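Undergrad: Sequence:
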Amino acid sequence: MIIETNQEEKELETENNDRMVTKMTPRRVKVYILQDNEWKDTGTGHCVGTIIDNVPYMLVNNEVDTNTTLLRSKIGGNIEYQRQEETLIVWKDNQNNDIALSFEESVGCDDICNFLIHIQKTLENNISLVAVRSDHDPLNGSGTGATTAVHEMIAGPVQLPSMDQTQDDIILLESLKILNDNTMFEFLKNETIHWYFNSSYLSNILIPQFNLSEQNHLIKNLFLLSNIIKTLILYNQKEIIDQFIQDEETFSSIIGILEYDTEFPDSKATHRSYLAHSNNPALSLSPTCSSTSSSEPSIYKEIIPLENEHLKIYIKKYFKLQFLKDIVLVRFIDDHNYCLINEMSLDLQAQIIDLLQTDAYLDKIFELYRTPVIENDEDFKLKKKYGIRLLHQFIEMTKNLNSVEKNDFFKFLIQKGFYKIIDYAFNIEKDNNLRILATDSLITIMEHDIFLLSNINVADEISNTNTNSIPDMTLLKLLSNILLNDKSPGLKEQIVQALYTLLQPSNSSITGNNFDYEEEDMHTNGNNEFHGNNQQFVSNPNSIHDEEDIIEYLQLFYKEIAPILFDPLINYKVHSSNGESSNRIEDEQLLIHLIKLITFIITEHDKRLSRNFTLENSILVNISRTINCNENHILQLRLTSIRCFKTIICLDDDYYNRYIISNNLFSPIMGLLVENIGLNNLANSTMQDFFKIILINCKQLDNIEREREATVDGYEDLSKTSLNDNEKRFIHKSNFILLNKYMFENFSNIFEKIDDMPYLTELANYK
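The numbering used here numbers the first residue of the sequence shown as 3 and each following residue consecutively.
By construction, these hints were calculated from the structure, which means they are not laboratory data. Computed from a prediction, not measured in an experiment: that's the story for all the values here. No false leads were slipped in.
Restricting the straight-line Cα-Cα distance to at most 30 angstroms, the calculated cross-link-like pairs of lysine-lysine (DSSO-like) are:
#1 LYS418 <-> LYS408
#2 LYS191 <-> LYS94
#3 LYS366 <-> LYS422
#4 LYS385 <-> LYS408
#5 LYS191 <-> LYS123
#6 LYS383 <-> LYS366
#7 LYS479 <-> LYS408
#8 LYS413 <-> LYS385
#9 LYS270 <-> LYS327
Between the sequences and the hints, there should be enough to build the whole structure, so can you do that?
TA: This is the structure in structure tokens:
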């Protein structure tokens, strides 16, 4: 490709050349000529670049006799100048003479190199300047290290794709090769990018050729155009990606070109068709009504028209980036491209979130939920559905923002009417997918800062009542009702996680409870240390509420919410074997969630509050009944109940232990043991773990007692002997001895049948 310059440009170049030559400072240099494979020193002088009659030269005049010229080398042709290290320039001139200039200072070498770069850009486009530096590799195969020469082009001729309006597959193939080759050196890459934008290569050549090739079914051309676009993406330039998403026509053409893939020559993707007919708002923002512009493809739909043009542009760009990254380029982009697109997305996310807090757009969205639903107005109902999706998308955007920005936006949403949408999603909306999205939005805010929700009066948001300083239980009541009545397993899982977060008293900012009693190492220390102190919230420096606030909150929970939430355990009913299978499974999964929640509150809440509620409502009795083989419950539920009892005995609480013994609550556990005698299964493993906990604590108590007896036998005054904290804690573990005696007194006939459980054999020593 040849670029012609007009007369005005030539005159400007001449003027610039004269100015550069005038400014050059002569630099001290040694001149060498290669003769008989040896470099011969021809003298020392001062070097300048000069232009004589529009012909560039490098001149070196003798430093002793300035009238004597040591070197006059014409710059032109296809000469390649090599800058080696900091002070050396080497080349072969047009007469095949090998010449080297060794500068006294690197700044002199810099001056001449800059002159050569200037000449290459203005007068002699075919010359080139290459930097050659040594790269020492200490880890080569010989172990002695190796030095290799690394070449980096600084200036030179740049071959560029054809700009002919008529292009066949041969020209396109050559263009693809050129674009790939130009990624080898940073200079070539930068020059190509500069040319790409200046020539409008995309709009002038690629898109017209794509339209023409698709109309005429030129499949080979389409595959080549697709590879050209992929190569341009690999240049990893923000400006190129930004150009791809600048308007609807360009974006539609880009994804259309990328529908053709040489890896799948017999098939074609349907990106454009998918966008034109998709109603999936997980991919876009505000997809409900038709686009406001008839000239644009039917890609974007809006609940309420976006009046803020900046916000509309940012949202559309964000959508396009996500569509490119997650769908169009998912098999193709490398890590660098992925990071670039992610970085661009993050910038857009921050701009969108900022604008949403100053624009009236969200006010209009929230207004939808302040207006009662009209029974037959399907369009209005549809808008409310997509409003839930839209809110979820905006909240998802905040996940990569910093904590302060996230906090500000969440406060903004809550003040604007966040609970209106949540209330609608849980109490009116029937689509489980939308309810799961609403729950996910709720959990995201809670995981960021639970007290953002608890400090706002929810009841006031929903029903305009004002409870002032009384802790609000509306959200807990709402979530509890969903857990008890909803049929969606996925939604229930999310609701349970939300309840864990709301009922966690220890921190003001919850980063996710991830509470899983199935994986707890219940016998790590033989006590309840693995749970964390259930009183730790009192002195937690991060807590923004004092002890009285938390106690008041928990008291209200146990008074108003817990009786509702745990009603299936409080009023436990025996399952009928004739009941519907689906209902039975749902009921048992609900019981699993509730038993895990009971285990959670027993360990994490104030001991007195949780214990009184649990024992007064006979919850442990009913949990024990779920283990009974006569109930025909699934094994998962029965093992969950056993884990609950393991947690309780690790608390080493006198009240719980007396309650368990007096109500014979271990009887169903022993029944499960009988069912699995001699079997190698999960139930047997759980039972062994259960006995191991008791054994460990009995051993620890026995060891301390032996040490105390040895001290007395040594005639040491017992009153003068102090107990350390561990000894004091374990001295009080007589509950484990009592539990062990209770088991052997009531179930010894069962234990006698078991010979493959070593823990039971050892426990017999403490009965």
